[in-house]
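S.K.: Sequence:
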Amino acid sequence: MEKIIDRITRDFDTYTNSHKAVATYILANYDESAFMTLEQLSSSAGVSTTTVIRFARELGYDGYSSMQDALRIDLRTKVSLPERLDYNISLPNDELLKQVLYTEINNIEQTFKSIDMKLVEKAVQLISSSEDVYIVGLRRSFSLASYTYSRLAQAREKVRLISSIGINYPEEIVNASEYDVCIAFLFPRYSQTTLSILNYFKTKGVRIILITSLNHIAIDKYADIILPCETSCISGKTSYVAPLSLINYMMALYIQENKATAREMLNKTEDVLSSGVILGLGL
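Residue numbers (my numbering): -9 to 273.
Just so you know, the hints here were simulated from the structure itself, not pulled from any lab data.
Fair warning: there could be bad hints in the mix.
Distance condition first, Cα-Cα at most 27 Å in a straight line; then the derived DSS-like pairs of lysine-lysine [as the list claims (entries may be wrong)]:
| hint | residue 1 | residue 2 |
| --- | --- | --- |
| 1 | Lys112 | Lys194 |
| 2 | Lys211 | Lys194 |
| 3 | Lys192 | Lys249 |
| 4 | Lys108 | Lys249 |
| 5 | Lys194 | Lys108 |
| 6 | Lys103 | Lys(-7) |
| 7 | Lys192 | Lys108 |
| 8 | Lys211 | Lys192 |
| 9 | Lys112 | Lys(-7) |
| 10 | Lys112 | Lys211 |
| 11 | Lys148 | Lys194 |
| 12 | Lys88 | Lys(-7) |
| 13 | Lys258 | Lys148 |
| 14 | Lys108 | Lys211 |
| 15 | Lys148 | Lys112 |
| 16 | Lys112 | Lys249 |
| 17 | Lys88 | Lys112 |
Make the full structure from the sequences, and use the hints.
M.R.: In C-alpha cells, the structure reads:
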C-alpha cells in the first residue's frame, strides 16, 4: 500500500502555494501531524482549515480525519530518518530556499503565538533570583545549552553548563539546592540522561525552566515552567531558530532588569580580554 508521505511528495511541484505549505509542514513534522487537530495543523502550517481539508481531498482522502488516519497507520511502520531525508530533499530546487525560509519564519510566528509571555517573564525572574543557574541540553540540544551559557555567563555569576562529558554529570549537579534554577532544552527524541538529571533536580527543589517542542505533554511533569517552540525543519531534523530567538529575548530581558550586575560582569570580561590572555591580545 502506498504511504501517504509518498503521495505528498509525488506531485509536490503541482500544488498551489498554500497546499505546498501544508505538505511542507507534514513532511517536517511527520510524527506530530498525525495527532494534531485540524485547527492545530492549519495554524502551524499558516493556512486556513479549509485549505487543509482541500489538501487532504487532493491526496485522495475523504477529508482531514481520513488523511490523519493514514498518517497514524504509517507511523506504525515508523518511517526512518533516512527515508524522511529522501522525502524532504525531493523538493524542487527552485522551491527549496523559499520553503526553508518560509518554515523558519513560520517557526518564529507559531512560537510567538504559543508562548505565554507572563511565563517567560516569570522564568527570567527565577533566573534573576536564583543562587546558581544550571543549564542542560544533551545530544543536539547541547548547542542551545552552550549558547545560552555563553550569553548568561556574560551577565551574571554562578552559571553552570552541564556537559555530561565522560558521564560526569553526577559530580556537576550534586550540590544543587532549592535556591537554584535549571534551564533545560529537551526535544524529541528525548534524552533519557536529561530526564534523569531533571528528575534529580526536582527531588532537590530546583526550579526547572524547560524549553521544548509544542507537543510536550509526555514531559510536563519534569518542569515548573514550560516554554514551547515550533521546530519544523525541511531536512527532517529539528530546527533551533525559534528556541534561539526565544533565548535571545530572555537574555535581553534579563540584562535589562539586572543592568548593574550585567555591567559588572562585562567589566570583568573586558579586563580579561584586555590582559592579553585571549588570542588576539584584546584587539
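S.K.: Each hint needs a verdict: does it hold in this structure or not?
M.R.: Status of each hint after checking the structure:
Proximity of Lys112 to Lys194 is assessed by CA-CA distance (about 20 Å); at most 27 Å being required, the pair is judged to hold. For the proposed pair Lys211 and Lys194, the alpha carbon gap of about 15 Å is at most 27 Å, so the pair holds. Taking the CA atoms of Lys192 and Lys249, the gap is near 30 Å; set against the 27 Å cutoff, the hint is violated. Of the supplied pair hints, the one linking Lys108 and Lys249 holds, its CA atoms being roughly 21 Å apart against a limit of 27 Å.
At most 27 Å may separate the alpha-carbon atoms for a hinted pair to count; Lys194 and Lys108 meet this at roughly 25 Å. Annotation: proposed proximity of Lys103 to Lys(-7) is violated, straight-line Cα distance about 32 Å (limit 27 Å). Note on Lys192 and Lys108: the hinted pairing holds, with a Cα-Cα distance of about 22 Å set against a maximum of 27 Å. With a CA separation close to 10 Å, the supplied pair Lys211 and Lys192 stays within the 27 Å bound.
Taken as a hint, the Lys112 and Lys(-7) pair is broken in the structure, with Cα atoms around 45 Å apart against an allowance of 27 Å. A hinted pair counts as satisfied when its Cα atoms are at most 27 Å apart, and Lys112 with Lys211 qualifies at roughly 18 Å. Taking the CA atoms of Lys148 and Lys194, the gap is near 18 Å; set against the 27 Å cutoff, the hint holds. Of the pairs offered as hints, the one joining Lys88 and Lys(-7) holds, with about 26 Å between alpha carbons and a cut-off of 27 Å not exceeded.
Taking the CA atoms of Lys258 and Lys148, the gap is about 14 Å. The hint holds against a cut of 27 Å. Simply put, Lys108 and Lys211 have alpha-carbon atoms about 20 Å apart, close enough for the 27 Å limit, and the pair holds. Restraint check for Lys148 and Lys112: the C-alpha separation of about 20 Å stays at or below 27 Å, so the hint holds. Taking the CA atoms of Lys112 and Lys249, the gap is near 18 Å; set against the 27 Å cutoff, the hint holds.
At most 27 Å may separate the alpha-carbon atoms for a hinted pair to count; Lys88 and Lys112 exceed this at roughly 36 Å.
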